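Take these sequences, add in the hints, and give me the full structure.
Protein chains in written order, with our numbering: chain A, 34 to 351; chain B, 34 to 351.
Zero decoy hints are in this set.
Any copy will do: because identical chains look the same in the list, a pair fits if it lies in one copy or spans two.
With a straight-line Cα cutoff of 20 Å, these simulated EDC-like cross-link-like pairs (lysine to aspartate or glutamate) come out: (1) Lys132 to Glu156; (2) Lys132 to Glu160; (3) Lys76 to Asp212; (4) Lys132 to Glu178; (5) Lys193 to Glu147; (6) Lys194 to Glu124; (7) Lys274 to Glu124; (8) Lys292 to Glu247; (9) Lys191 to Glu149.
Honestly, the hints are just simulated from the structure, not real lab data.
Note that the structure is predicted; figures quoted are calculated from it, not measured.
Protein chains: 2
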Amino acid sequence: MKWKIVIHGGAGNITPERIGDREGDYREALKACILEGVAVLKKGGSALEAVVSAVKALEDNPLFNAGRGSVPNEHGIVEMDAGVMDGRTLEAGAVTMVKHIRNPVLLALKVLQESEHVLLGGEGAEEFALQHGFELVDNRYFITEERWKQYVNKFLSKNKKVVEINSLGTVGAVAVDKDGNVAAATSTGGLLFKHSGRIGDTPLIGAGTYADNEGAAVSTTGLGEFFIRTATAFQINLLHKTGTSLQKAVQQTLQQVKKLGGTGGVIAVNSKGEHVIDCVSPGIFSAVAEPSLKKIDNEFSVETYLYALELRCSTSHT
Amino acid sequence: MKWKIVIHGGAGNITPERIGDREGDYREALKACILEGVAVLKKGGSALEAVVSAVKALEDNPLFNAGRGSVPNEHGIVEMDAGVMDGRTLEAGAVTMVKHIRNPVLLALKVLQESEHVLLGGEGAEEFALQHGFELVDNRYFITEERWKQYVNKFLSKNKKVVEINSLGTVGAVAVDKDGNVAAATSTGGLLFKHSGRIGDTPLIGAGTYADNEGAAVSTTGLGEFFIRTATAFQINLLHKTGTSLQKAVQQTLQQVKKLGGTGGVIAVNSKGEHVIDCVSPGIFSAVAEPSLKKIDNEFSVETYLYALELRCSTSHT
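See below:
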């Protein structure tokens, strides 16, 4: 089996005009983050370890809306969500509304590994974190100067609508390892100026995150409310599991999201190593890495994609 | 179109030995609660209104683990979850980890109607409640003497395992109205002695609650973690939508739950008025109401079911 890893750093109104000279920064950041997952897979590690490593790197990078760099809610507080799922066992772990966890994806993994429960929220999740040796960090650690400016602008603006296409954000990874096991992980700060206590699709197993060896590993990004209502990640998995090609399963589900008024994107991979990156928004920060075609030991390729137009040329797969 | 409503009051280790002389109380309570939904449907109301009315009545009844009568968490505090979905529009609303909302299902409906978001949790959800005229009530309102005894016994016992078959609980309703629209609602106090902040399947659209006119309205009850991992409600809906009979869709999905080690039950109805009640546990408190076969105006029948054995004789449908 050939391993493969796909990551995203959010979908939304990503256009050359809007990104401007930060394009290089985003491509470099995506490369650096996917390499954390590649390092795991190259040495024979599991898909689960790989997606968690890549998402941890995305959380640590302030360019993306997850971990450090998360957007504040209506009260100027960062509340973060994360979810992980192991396609081999259908075991899952997720946390929501956490305010003091440096890497929410690591806490989600700990829930998967150590809790009877799948999803823990708020103070209860942070209590679980303390019980398992996590350190709590100041909420201000997560807020960068740029995010604070965005918050203040929203606060002063008359448009208090939260669910809108300009929200960039959410990070995620899906991977298949040398044993053909798939896994998915997703992490986010959610929507700028969201209502306190708002939970998006990211930590909801079946909505923003899902993985099943017999179907697909899926991670989503976009206006989470629409992904919840269409159970996007699970829908793609089940359509693929019951015979639809991975690409069609993704397209069909994203069309339902779009029909309801949603925008966003999806990354998916199956146990055969087929992958899809697709979006119903102008762009999606994303990257794919896999062993080099040249079959030289330990050589691999990394491709990055930002704009939907780039994807049109690249979404058919291995 | 003929209307129909199905409700449940929890699945689990429900046996004649365990229920004993409370059997009559449960059947009476189920009848009284389903009548609240019947009243809506008889006068031409929507499936959404009907399921919310029935679930509100179930919440108010201390026999069931939702609203008053909810089980305390590890700290002796009641934390409740509820979700509703409208199969006509795929609009949904849900709340989780609320501690002071007399009828969580009414707050979930308010989220569906008034919020940009689908799911609100904890203090943020209660802030939203206050913004919309809800009163907050003391957490002790929800805890009955019997529930407190169960909590104390658990506290003193050596078995601190939370996810076990003895957990009874969760209430829900699914309905189809005269226009062929379906809706689902579910509400719960969760699992006795659950970790603070534990979120089960109930408020997760796609896991414990889902409704789609083109598929089915589904409400689940049981060990929620397994229903999350299999996206039970959405899986049943999508299997049915893509051609599997409602009964087979339910059976197939419950078998996956069972295979993973889960127990519990499901109620489902589609826009044609077919319904299913099924469980992979010894029993499920449930009832069905529909217009009388005699076609006398305003006459209707109500049947109640408690034990899985009763269901074997009754799960094929109109």
